[in-house]
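Undergrad: Residue numbers for the sequence shown, in the numbering used here: 14 to 265.
Derived DMTMM-like pairs: lysine to aspartate or glutamate, alpha-carbon spacing no greater than 20 angstroms straight-line: (1) LYS163 to GLU181; (2) LYS139 to ASP205; (3) LYS226 to GLU53; (4) LYS152 to ASP134; (5) LYS157 to GLU181; (6) LYS166 to GLU115; (7) LYS79 to GLU257; (8) LYS263 to ASP90; (9) LYS166 to ASP113; (10) LYS79 to GLU53; (11) LYS245 to ASP205.
Listed next, with one range per pair, are the computed distances between beta-carbon atoms: (12) SER210 to LEU103: 16 to 26 angstroms; (13) ASN121 to LYS66: 44 to 54 angstroms; (14) CYS122 to PHE95: 38 to 48 angstroms; (15) ASN87 to LEU256: 13 to 23 angstroms; (16) ALA84 to LEU191: 27 to 37 angstroms; (17) TRP259 to ILE223: 23 to 33 angstroms.
No lab work stands behind these hints: they were computed from the structure. Glycine included, C-beta positions come from ideal geometry on N, C-alpha and C.
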Amino acid sequence: MYTKVVILILISFHSFASLDLSIGSALRTYPSLGAQFELESGYNMLLWGQGKKASPFYGLFRPNIKLATSAVVNQYDANLSFYPISFIGLEFGHRNIRSDFEDFPFYNCELVTCVGNIKSDYTGFKMALAYAGIIAMGKTRIYKSTYTQKDSKQFTEFRYGALANAPEDQNIHTNYFLGYKINNNTLGIMHDYTRFSQSKQKYEMNLAVIMMKNKSSSYTFGAGNFRSTHQKAGAIFVFRYQLEIWPSEKLF
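Put together the whole structure using the sequences plus the hints.
TA: If you want it as structure tokens, here you go:
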């Protein structure tokens, strides 16, 4: 009896499921010039409602994986996202970052560890709201990470221009966006922040952002300032491109 119920549920999910695929790239100019290429794929299972083309009122379960590379730094991120309603999401995931680069201009790699692995388990919450063209989005993730430990007790968290304590540290990462949508373009401001509980280091980035969407392609340009405990404040420019090959049912 229970087996039949499970089979019926799986068949029901499969009837309203679809595979998505996207590729993209990202670039930033500070604290040093860097770029990476990305590939993401997920499996969209509608829990209720008809999907984002019909209405924002639907539920979604989406297992997905993201791969990224800059040749000397490579990562994968396996994630389970649950949206009880499309604009509220819960996340559970595991991420592994491998660095084979030891020439970061903003670290002395003879004193801190630059080459090795960052293995992280995380949980997250995100929400998006929109009214009369105004868009507000927020995301929080809590990472519990283990780091390759060599002679140094600190490992480079190069994404944030900060240092984490090896072999273990924990950080809370938050991201907030407030913008106004005009046709297919969105103008806004973004705040990105991370604090490490063991090393006590933190990072902050504030940007003015323009997002442009053209059919299946989207472009994001941002300019502002970047600073961390380890790195002095400086001007930064960021760029992101994404191409949806097979569209996803997620709103954000």
